[in-house]
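Which chain is which? The protein sequence lines are A and B, in order. At position 84 of the first sequence the residue is numbered 1371 (the working numbering), and the sequence of numbers has no breaks. At position 6 of the second sequence the residue is numbered 278 (the working numbering), and the sequence of numbers has no breaks.
Calculated from the structure, these hints are not laboratory results. Glycine is no exception: its CB is placed at the ideal position from the N, C-alpha and C atoms. Take the hints with a grain of salt, since some may be wrong.
Computed, partial: chain A to chain B, Cβ under 8 Å [claimed, not checked]: (1) H1326; (2) G1346; (3) A1372; (4) L1385; (5) S1389; (6) G1390.
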Amino acid sequence: QQKVQQSPESLTVSEGAMASLNCTFSDGTSDNFRWYRQHSGKGLEVLVSIFSDGEKEEGRFTAHLNRASLHVSLHIREPQPSDSAVYLCAMEGFASALTFGSGTKVIVLP
Amino acid sequence: EAAVTQSPRNKVAVTGGKVTLSCNQTNNHNNMYWYRQDTGHGLRLIHYSYGAGSTEKGDIPDGYKASRPSQENFSLILELATPSQTSVYFCASGDLGGSAETLYFGSGTRLTVL
């Protein structure tokens, strides 16, 4: 069974400072990785999808994928209090089903 | 705008009772998924479907059944609910793979089994 380990569990940053989140996965068989955001009590919002090694930017969100080291990260540039949420990484597997990490709770202080 | 609608939003059930969670999508997606979300576990896949008439087991299918009677509808069924099934359940639809971008999620059903 594929596993995705996400870190840190929680992260507090000041408004405008860079926030960095990490995921490591158990094997390198997947090609597709995604980052989602979930505001409290809400559904999931896709932020970035990345399908090849390197960097993918979507607005203030940048994902980095390194399959050789089984690692994908998310960087949030100039975070705002409205970015406070739980961030989930996900790895696409068989039948396009997603395996999720346990999430990082991000708090952005004004 | 793609839409996935779950019902009910909240449900309280008794141990041993039958619970049906419903999901409807207007995206014409082939694939649909049921996940549960618990603190410390993230989202875990229960069942999924490739299209009308198909259901497949996900990572944690025990205690759950699924039904896909049409392209639009995908139900999750708890025949004999237990307190360990208290959770938030999310339905999703999508046609992922390759460069396909997006899995659309419903807003969740909060189930409490007493």
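Checking each numbered hint in turn, tell me which of them this model violates, lowest number first.
1, 2 and 3
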